[in-house]
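Q: Dock chain B against chain A, hints included.
In case you want the letters, here they are:
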Amino acid sequence: MTSAVTIPRHGGTGGRTAVAARARQVVKAYGAGETRVVALDHVDVDIARGQFTAIMGPSGSGKSTLMHCLAGLDTVTSGQIYLDETEITGLKDKKLTQLRRDRIGFIFQAFNLLPTLNAIENITLPMDIAGRKPDQDWLDRVVDTVGLAGRLKHRPTQLSGGQQQRVAVARALAARPEIIFGDEPTGNLDSRAGAEVLGFLRRSVSDLGQTIVMVTHDPVAASYADRVLYLADGRIVDEMYNPTAEQVLDRMKDFDARGRTS
Amino acid sequence: MTVLKTSMRNFLAHKGRMALSAVAVLLSVAFVCGTLVFTDTMNTTFDKLFAATSSDVTVSAKKSSDTGETTSGNGKPPVMPAAVLDEVQGVRGVKSAEGTVFSTSVTVVDADKDSLSPSSGAPTIVGNWNTNDARTMEITSGAAPRNAGQIMVDADTADKHGLELGDELGVITAVGTHRAKISGFADFTVTNPGAAMFYLDTETAQRTLVGETGVYTNVNVTAESGVTDDRLKKDVSAALDGAYKVQTAQEVADANAEEVGDFMGVLKYAMLGFAGIAFLVGIFLIINTFSMLVAQRTREIGLMRAIGSSRKQVNRSVLVEALLLGVVGSVLGVAAGVGLAVGLMKLMGQMGMELSTDDLTIAWTTPVLGLVLGVVVTVLAAYLPARRAGRISPMAALRDAGTPADAKAGVVRAVLGLLLTGAGGYALYLATAADQASDGSLWLGLGVVASLIGFVVVGPVLAAGVVRVLSVVLLRAFGPVGRMAERNALRNPRRTGATGAALMIGLALVACLSVVGSSMVASATDQLDKTVGTDFIIQNDQTQPITEQAVRAVKSVDGLERVTEYKILDADLITPDGERSKNETINAADPSYAEDVRTKTVAGDLANAYRPDSMSVFEGFAEEHGIKIGSPVKVDFKDGTTATLTVRAITSDEVVVDKGAMYASITTVAKYVPAEDMPLDILVFATAKEGQQEAAYQALKTALHDFPQYQVRDQTDYKEALKDQVGQLLNMIYGLLGLAIIVAILGVVNTLALSVVERTREIGLMRAIGLSRRQLRRMIRLESVVIALFGALLGLGLGMVWGATAQQLLALEGLKVLDIPWPTIGGVFVGSAFVGLFAALIPAFRAGRMNVLNAIATD
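Chains A and B are the protein sequences, given in the same order.
Residue numbers 1 to 262, in our numbering, belong to the letters of the first sequence in order.
Residue numbers 1 to 859, in our numbering, belong to the letters of the second sequence in order.
Bound conformation, chain A alone (with noise of 0.2 Å):
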């Protein structure tokens, strides 16, 4: 299975697509001849408007890239990729960026936030650069809703990472960006905070109608999502709709069994 197209392209969301951002035969190489490197094969993916659909698959296994090109931080070597209705490959460098600051969110795993801003100075960073002034109401109620009030003047240095990655949801989540990528958000939290922030995702998506994909590993961050995506040598190879923790962790012990087995 190398297709996860299982969405209707046209839902009821006013004329809107219901589908946020779809790969089409997405192929990613590195290198030439006999070192070439595939780490995308042939992709095709769908990411459901208002969704959190979860990335999986073993290290190396091209989740991490498939990311990447989606979010317009990589080049595809073959393949469309759409952000909505716009085609994202060949996109020039300023354009990309352009849309990556208007219409994406990032959370990264590590190192989210400028040392050299405060909490909402780094929260309003991509609506700063964009010279748009934020939208005071839901700024103060994803403020609200991450739990940062009493914390907004602090430094990164002055925050528990638990309150840096918290900071970086509100970042992704206060420009409205149509689409919000994680890259193992929690990788570097302890269950207590990794639990918060995959509990503030969870939320934006079934509150706030907020679309999410992220990248993990981890079977329990995976079980917050409506939908999860394994990926094993550049193809995708399963999905499961609102799984849990036990159903994930069931599902990847398969693919390693069957991995040691092939």
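Think of the hints as simulated: they come from the structure by calculation, not from any bench.
Now the stretches of chain A that chain B is said to cover, found in silico as 3 or more residues with beta-carbon under 8 Å:
#1 91–101
#2 125–139
Pair ranges (Cβ atoms, derived):
#3 A/LYS94 x B/LEU729: 47 to 57 Å
#4 A/SER191 x B/LEU380: 52 to 62 Å
#5 A/ALA29 x B/GLY735: 54 to 64 Å
#6 B/GLY479 x A/ALA195: 35 to 45 Å
#7 B/GLY445 x A/LYS94: 55 to 65 Å
#8 A/THR86 x B/ASN731: 55 to 65 Å
#9 B/LEU853 x A/ASP250: 27 to 37 Å
#10 A/LYS95 x B/LEU729: 49 to 59 Å
Residues of chain A placed beyond 10 Å of chain B at every Cβ, according to the derived structure:
#11 GLY50
#12 PRO58
#13 ASP144
#14 ALA149
#15 GLU196
#16 ARG235
#17 TYR241
Fair warning: this is a prediction, and the values are worked out from it, not measured in the lab.
We put the CB at the ideal spot given by N, CA and C, even for glycine.
A: Frame of chain A, contents of chain B only:
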């Protein structure tokens, strides 16, 4: 051994980051070595030249100088009768003797009456074509002059002015103007020292230069083989009863070499001084580089410490890296220095002095000095960062890498810096309060050094405040990009402080000198306005005397109310206290000079100094020798007899024009100096009748058209010329300070480049969340501009205080007016912003090109 190995690897791993520091070392070392090689080569060249141009023994008039220069006050060379030649020819051991006549008090013009003198200030020499010249020159076309209508020119001068065979030239001397057509060209077979050479036949040379035949300026003697120069000198001297100066080739060469050596010595030490400033600036760059490398390597060093490296080993590994940097930079610097010297020689060639690379002289001390200096300075500069590296705790290995903790500017630093600055300020205050220039200059020096060190120490503390103020004014307009640039400039005040301080040093000197220079011009202008009562000044810019013909031409101009002649004479003064002051200068002028330049007096009326057998002395001289109005002073004229003159006026020392002059009237002086030895005028002043200034000015210019060597200037022109002169000197100094400023710019580039590397992850993050390349580059440029402006603000502020202090001090010497050249200061400030932009070019470009994903993934 492992220490060396890790140092080597670190050095090689960071060669890019080391490159700029190496360039700084290279530039400073190159400047030192280049200066030494260049001056040594010049000396070699001149030694060879003098050796080639001197005869075994030279006989000349007693009055001529040891170097054979012939400029004397009356515009004619000192001569000896032709009989001397006959006598010398009869001396035992003389193989041959030849009489020569030549003069440097000449001007040669082409058919358009344009002067053919070298613009470099090198002399114009006219003489008879003799065997001595034939040794160092060869006739390349035409022939040597054979009659009064012919003249031969050196090929370089001919090329420069496009002269051709048959062109008519005019030789203007104190005797008159002689016209002749070019008969040939001669080219130098040795180095052309840049002089313009013209040759006449012997009789014409005598007539034209001296005004009579049968005289020579020199007799060049060649010894028979087996007779030493010293032996020959003794015999010739004895035959002439010691009435003439007799020198061996060695003595002439030595005298010449000494004169050139004096000049080269000044040049050498001035240039080495500027190299020293560049070194000082380079130290900041090196400290910064190593501080940043140590900071970036904190985790690595922590790991080394955790697995058992001692503090000493870590410390030493950094110093060994510095040693490697010093060696690489210095070796390249020595090589570049030789290149620089060759470049300077080429430049001299452009200016008319052909230097041959065959003479390139590299003393063994030059590379040794360059290497030692470069290595020692580098290692010393790296000492502080190395010590800091040694203090890194093993725990650092375990901490998250991230950006190194902000180095806070400490309280100790602030207090120490302020104390030093305060001490410097107090010393500067004492300098302004001093009533003797010599005491004051000591305080000034102390104040400059203390305030500079104080500013360097307190710089990081100031950085926080100054950068904020600059940001409010400049960066806020750039929105979030400006804000981030501000924060970045502020995040490590020590780094910003040191980078700014490097620029500060050069700019402080520029500001100080510009204030002093412009105060000099302003004070002189002010004095001219207050004291000068004449309209026109006629002079030669190479201080050649003004011939009688030219003076007559001036006097013949209509519309002039008066013309004042002005001469200077050498004399020993015997004062009433019984002391003999040797080699003083008497300024002899017409009485109207008292109106032309109204010099302030502290006692007596200056007009009275021009009465018969009267004179004036200056304040300092009067005090030193207890002279009062009416005191008799014996004046022993070099070229005449001793006069006893009465002091009728004492002039103030607080003047700029004619400072330290002692006046007497020309009529008085003429009583004691024979007419033939009376020097020509050195200046002539002309004053127009009321309302006829414009017409008189034009008429004067027309009258002096035949004498292109003299310039007529009205007061406006004169002030302009004065300003140009000071301006040229300042520009030369600025040019040399440019080296220090270039090193400082390298420092800004270095800091930014290393900062960009250090902030790779941040840059990746910002790019990921939507910062465009353009915005990123702008952010780095703005940071650079703020750092540069910080350095400029400190430097200009400090420099202006120094300059104002120097002016206050020099007010004692007549520098009354403080003039701050705001356009220059403002220009430098704005220029620094551009320097900042320029310095950020490459770092910004590289930051913009970073791959976003790789940048985020960087450790």
